[in-house]
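2 protein chains.
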Amino acid sequence: MKDMLLFAFDMNCVAHQSQGLWRHPRDRASNYTDMSYWTGIAKTLERGFFDGIFLADVSGLYDVFEGSPRAAIASATQIPTNDPFTLVPLMAGVTSHLTFGVTGNLSLESPYLFARRVSSLDHLTAGRFGWNIVTGYLDSAHKGMGEDGKQGHDVRYDIADEYMEIVYRLWEESWEDDAVVRDSDSGIFAEPSKVHEIVHEGEYFSMKGIHLCEPSPQRTPLLFQAGTSKKGRAFAGKHAECVFIVGNNPQAQSGVVEQLRQQASLNGRDPKDLKVIGGLSVIVGNSDLEAKEKFEDYRQYGSHQGALALISGWSGMDLSLEDDKKRIGHDNGDAIRGVFHHAGVSSIQDWVDRTTVGGATETIVGSPVTVVDQMNDWLDISGLDGFNLAYTVMPECVEDFVDLVVPELQNRGLMKTTYKEGTFRNKLYGKGNYLNDSHPASKYRR
Amino acid sequence: MKDMLLFAFDMNCVAHQSQGLWRHPRDRASNYTDMSYWTGIAKTLERGFFDGIFLADVSGLYDVFEGSPRAAIASATQIPTNDPFTLVPLMAGVTSHLTFGVTGNLSLESPYLFARRVSSLDHLTAGRFGWNIVTGYLDSAHKGMGEDGKQGHDVRYDIADEYMEIVYRLWEESWEDDAVVRDSDSGIFAEPSKVHEIVHEGEYFSMKGIHLCEPSPQRTPLLFQAGTSKKGRAFAGKHAECVFIVGNNPQAQSGVVEQLRQQASLNGRDPKDLKVIGGLSVIVGNSDLEAKEKFEDYRQYGSHQGALALISGWSGMDLSLEDDKKRIGHDNGDAIRGVFHHAGVSSIQDWVDRTTVGGATETIVGSPVTVVDQMNDWLDISGLDGFNLAYTVMPECVEDFVDLVVPELQNRGLMKTTYKEGTFRNKLYGKGNYLNDSHPASKYRR
Numbered sequence: 016m017k018d019m020l021l022f023a024f025d026m027n028c029v030a031h032q033s034q035g036l037w038r039h040p041r042d043r044a045s046n047y048t049d050m051s052y053w054t055g056i057a058k059t060l061e062r063g064f065f066d067g068i069f070l071a072d073v074s075g076l077y078d079v080f081e082g083s084p085r086a087a088i089a090s091a092t093q094i095p096t097n098d099p100f101t102l103v104p105l106m107a108g109v110t111s112h113l114t115f116g117v118t119g120n121l122s123l124e125s126p127y128l129f130a131r132r133v134s135s136l137d138h139l140t141a142g143r144f145g146w147n148i149v150t151g152y153l154d155s156a157h158k159g160m161g162e163d164g165k166q167g168h169d170v171r172y173d174i175a176d177e178y179m180e181i182v183y184r185l186w187e188e189s190w191e192d193d194a195v196v197r198d199s200d201s202g203i204f205a206e207p208s209k210v211h212e213i214v215h216e217g218e219y220f221s222m223k224g225i226h227l228c229e230p231s232p233q234r235t236p237l238l239f240q241a242g243t244s245k246k247g248r249a250f251a252g253k254h255a256e257c258v259f260i261v262g263n264n265p266q267a268q269s270g271v272v273e274q275l276r277q278q279a280s281l282n283g284r285d286p287k288d289l290k291v292i293g294g295l296s297v298i299v300g301n302s303d304l305e306a307k308e309k310f311e312d313y314r315q316y317g318s319h320q321g322a323l324a325l326i327s328g329w330s331g332m333d334l335s336l337e338d339d340k341k342r343i344g345h346d347n348g349d350a351i352r353g354v355f356h357h358a359g360v361s362s363i364q365d366w367v368d369r370t371t372v373g374g375a376t377e378t379i380v381g382s383p384v385t386v387v388d389q390m391n392d393w394l395d396i397s398g399l400d401g402f403n404l405a406y407t408v409m410p411e412c413v414e415d416f417v418d419l420v421v422p423e424l425q426n427r428g429l430m431k432t433t434y435k436e437g438t439f440r441n442k443l444y445g446k447g448n449y450l451n452d453s454h455p456a457s458k459y460r461r
Numbered sequence: 016m017k018d019m020l021l022f023a024f025d026m027n028c029v030a031h032q033s034q035g036l037w038r039h040p041r042d043r044a045s046n047y048t049d050m051s052y053w054t055g056i057a058k059t060l061e062r063g064f065f066d067g068i069f070l071a072d073v074s075g076l077y078d079v080f081e082g083s084p085r086a087a088i089a090s091a092t093q094i095p096t097n098d099p100f101t102l103v104p105l106m107a108g109v110t111s112h113l114t115f116g117v118t119g120n121l122s123l124e125s126p127y128l129f130a131r132r133v134s135s136l137d138h139l140t141a142g143r144f145g146w147n148i149v150t151g152y153l154d155s156a157h158k159g160m161g162e163d164g165k166q167g168h169d170v171r172y173d174i175a176d177e178y179m180e181i182v183y184r185l186w187e188e189s190w191e192d193d194a195v196v197r198d199s200d201s202g203i204f205a206e207p208s209k210v211h212e213i214v215h216e217g218e219y220f221s222m223k224g225i226h227l228c229e230p231s232p233q234r235t236p237l238l239f240q241a242g243t244s245k246k247g248r249a250f251a252g253k254h255a256e257c258v259f260i261v262g263n264n265p266q267a268q269s270g271v272v273e274q275l276r277q278q279a280s281l282n283g284r285d286p287k288d289l290k291v292i293g294g295l296s297v298i299v300g301n302s303d304l305e306a307k308e309k310f311e312d313y314r315q316y317g318s319h320q321g322a323l324a325l326i327s328g329w330s331g332m333d334l335s336l337e338d339d340k341k342r343i344g345h346d347n348g349d350a351i352r353g354v355f356h357h358a359g360v361s362s363i364q365d366w367v368d369r370t371t372v373g374g375a376t377e378t379i380v381g382s383p384v385t386v387v388d389q390m391n392d393w394l395d396i397s398g399l400d401g402f403n404l405a406y407t408v409m410p411e412c413v414e415d416f417v418d419l420v421v422p423e424l425q426n427r428g429l430m431k432t433t434y435k436e437g438t439f440r441n442k443l444y445g446k447g448n449y450l451n452d453s454h455p456a457s458k459y460r461r
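Keeping their order, the protein sequence lines are chains A and B.
Per our numbering, the very first residue in the first sequence carries number 16; after that it's consecutive.
Per our numbering, the very first residue in the second sequence carries number 16; after that it's consecutive.
Everything labelled a hint here was simulated from the structure, so no lab data went into it.
The reader is advised that the hints may include incorrect statements.
Just so you know, same-sequence chains aren't split out, so a pair can sit in one copy or run between any two.
Straight-line C-alpha distance at most 25 Å; calculated DMTMM-like pairs for lysine to aspartate or glutamate [unchecked claim]:
#: 1; residue 1: 442; residue 2: 288
#: 2; residue 1: 245; residue 2: 388
#: 3; residue 1: 223; residue 2: 333
#: 4; residue 1: 223; residue 2: 124
#: 5; residue 1: 431; residue 2: 18
#: 6; residue 1: 17; residue 2: 218
#: 7; residue 1: 442; residue 2: 49
#: 8; residue 1: 307; residue 2: 200
#: 9; residue 1: 246; residue 2: 49
#: 10; residue 1: 209; residue 2: 308
With the hints as constraints, model all of the structure from the sequences given.
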């Protein structure tokens with residue numbers, strides 16, 4: 016039996032997935048601007064042997080519902096939202112093993128400066144940094160940038176492919192492994208002949224320059240991806256090392272997991288090199304009854320307006336114009352719409368109900384034994400490598416999970432009792448710090 | 016007698032100002048990628064009641080000398096260089112009062128996302144954040160971004176003025192003070208009618224959107240500026256709250272200080288609202304002799320190649336083509352060239368000698384009494400409000416200053432013995448967190 020991977024799914028905002036639960040008397044998510052809120056969460060996660068924290072992000076706002084951001088602003092639905100990258104050095108400073116998977120939207124920033132920020136964080140965290148590659152789904156983000164709106168879905172992935180080529184070259188090709196010698200005697204810090212200018216003239220980008228950073232522990236950070244549309248799966252099969260999917264049905268997920276691993280094979284990669292984690296929420300109590308009561312208590316604070324704002328933004332459909340009982344189909348459109356098809360959501364009302372506790376993820380409610388039974392079944396059926404746990408009431412839900420569920424997982428041999436040493440990538444695969452040779456980026460390394 | 020302002024002048028790299036001193040046996044600057052290097056410096060500065068740390072930055076490399084980056088790469092002359100913003104949450108996490116003045120080049124990043132990053136850091140640091148506004152002087156930074164080269168000097172300041180208008184509106188205008196109510200009972204986190212979309216259609220930028228962040232403690236971060244060309248002084252007089260100048264002659268500096276304060280007056284501001292700090296290096300020993308010996312010891316490790324690379328980049332002149340004895344004039348060109356005119360540098364050789372210990376700043380060498388005498392005289396003659404101390408051997412020079420010079424400064428009543436409470440701006444002026452009403456940005460606040 017292998018250790019499951021375990022991440023906390025979080026965001027630098029008040030209401031990430033579970034809309035309205037910031038109103039719960041014990042919730043502290045509205046303290047998201049305070050350092051102590053985040054250092055506390057980081058320490059709890061490391062105490063509970065979580066592999067890492069996965070930070071979502073949007074650079075726009077949810078203004079599809081009613082054609083206005085009104086509901087999102089009132090409900091704090093992922094707005095206000097602060098920069099997730101700023102949390103990493105803070106949480107890294109109070110932990111030794113916790114890793115960081117941070118969402119960065121490549122359609123908003125130049126590869127040259129983005130590559131620098133990422134390398135800087137991989138250095139500071141001693142290789143505990145991962146990047147969740149997204150192309151963005153909110154028009155409003157692009158309006159903030161002075162553009163008319165986002166690119167079409169398929170074009171976004173073409174742009175992403177070219178962007179990846181540039182950042183790979185900056186991370187892998189620009190500085191050779193033995194370029195930096197730090198030789199006090201000769202006065203040579205780095206050998207100029209081993210530092211190479213990257214010249215790129217492509218369809219969407221051009222650049223010329225050396226990477227501003229010396230090689231960081233992992234060079235290319237651990238690569239996450241979350242899209243599960245057809246183009247998204249192809250992109251993940253080529254680039255991602257860890258894919259995050261959501262869904263409320265482990266049988267349906269097993270098909271997605273299978274398709275993702277096939278995509279890796281099609282790209283000449285070992286399918287086992289692609290880790291897949293699924294979204295989940297857990298509400299645990301000392302007994303099933305206590306957990307059920309906690310769930311019912313949380314649920315009272317759910318915000319339907321917030322959920323409608325969130326779902327409208329995800330789907331691109333203004334749900335204020337729809338009958339709540341309307342059944343939802345799958346039109347092969349945006350990734351998020353595809354995700355919800357797989358999740359088996361049946362109606363808007365069903366979708367809203369789920370979203371107020373747990374957001375896009377299924378919620379397991381029960382005693383530690385019940386929770387672990389269900390998590391274990393889920394893994395067996397789906398073929399997932401682990402979970403990304405969305406928060407409900409924060410930080411209570413993380414503390415409950417660490418205090419009650421983690422010991423049960425450990426007792427059953429489903430979860431590690433010590434951390435592996437080294438970088439994010441080495442902890443995950445045990446094969447060193449760099450991307451392995453079958454990954455397309457490795458060809459740029461000299 | 017007023018307390019002098021005291022900042023540490025640093026950069027997320029190996030060789031910032033004093034070229035070659037990373038080779039000194041006690042120097043640790045080549046550990047700049049380690050968290051503990053920076054948390055150590057931060058704690059030492061706070062122990063010594065420094066007001067803050069001022070982080071320089073370049074987003075390109077020094078490739079003017081010999082028309083190549085060879086000398087800069089070999090000597091680690093501000094290359095490699097990591098993102099300075101990533102250091103702030105780390106150092107804020109181990110301090111309570113230390114403030115952060117961080118260089119951000121506004122010609123490289125969209126105002127929409129830059130404003131968000133800054134607000135996020137102002138939140139996390141509880142208002143201890145400042146932004147050093149620069150327009151950049153290295154062509155190579157722009158080539159990295161896929162542009163042909165930097166804009167002309169005067170155009171850069173026009174672009175900067177428009178950029179400032181946008182970020183001011185995001186910080187000051189988008190969210191009213193009472194927009195965020197955090198009302199659990201009503202379920203209203205923020206009042207949508209009090210959050211305003213910013214629509215900008217200008218010559219260089221367009222954007223449409225609300226600021227992604229709720230108002231941070233200072234809203235607009237404390238504003239630094241460092242340009243002292245004619246356009247730069249006009250820009251500083253309009254925008255800056257704290258201006259950083261360099262020079263080796265307090266008499267000459269007094270003229271610059273006067274001109275800067277006049278520019279503030281011309282913009283309808285109280286000239287006293289413009290703080291001016293001067294660059295300085297200090298090498299202190301228990302006696303004058305010990306300090307002199309330390310200086311001579313440091314000097315052996317200076318790198319002339321590194322200094323030539325640095326100065327060529329600053330001045331835009333390839334010094335490999337010049338006679339080292341050639342006298343340097345002032346052509347009213349780039350800001351950096353103007354700075355060196357004021358610093359009274361007489362020849363390339365003179366410039367290189369100065370740069371190996373202290374960089375662009377004058378170096379004071381002596382016992383605590385000698386150092387404080389000279390610092391005090393300097394302040395009296397120049398009219399400066401304080402100093403920005405460039406490093407030599409790191410972190411030894413900071414520890415020496417804190418252990419030897421700070422007590423002497425305090426004994427003579429030149430320096431505070433406790434920190435003032437509150438935000439960066441409140442610590443500096445004692446008049447609250449926001450920009451005062453005579454600053455041009457204040458007109459955007461509702």
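Index of numbered hints that the structure contradicts, given in increasing order: 2, 6, 9 and 10
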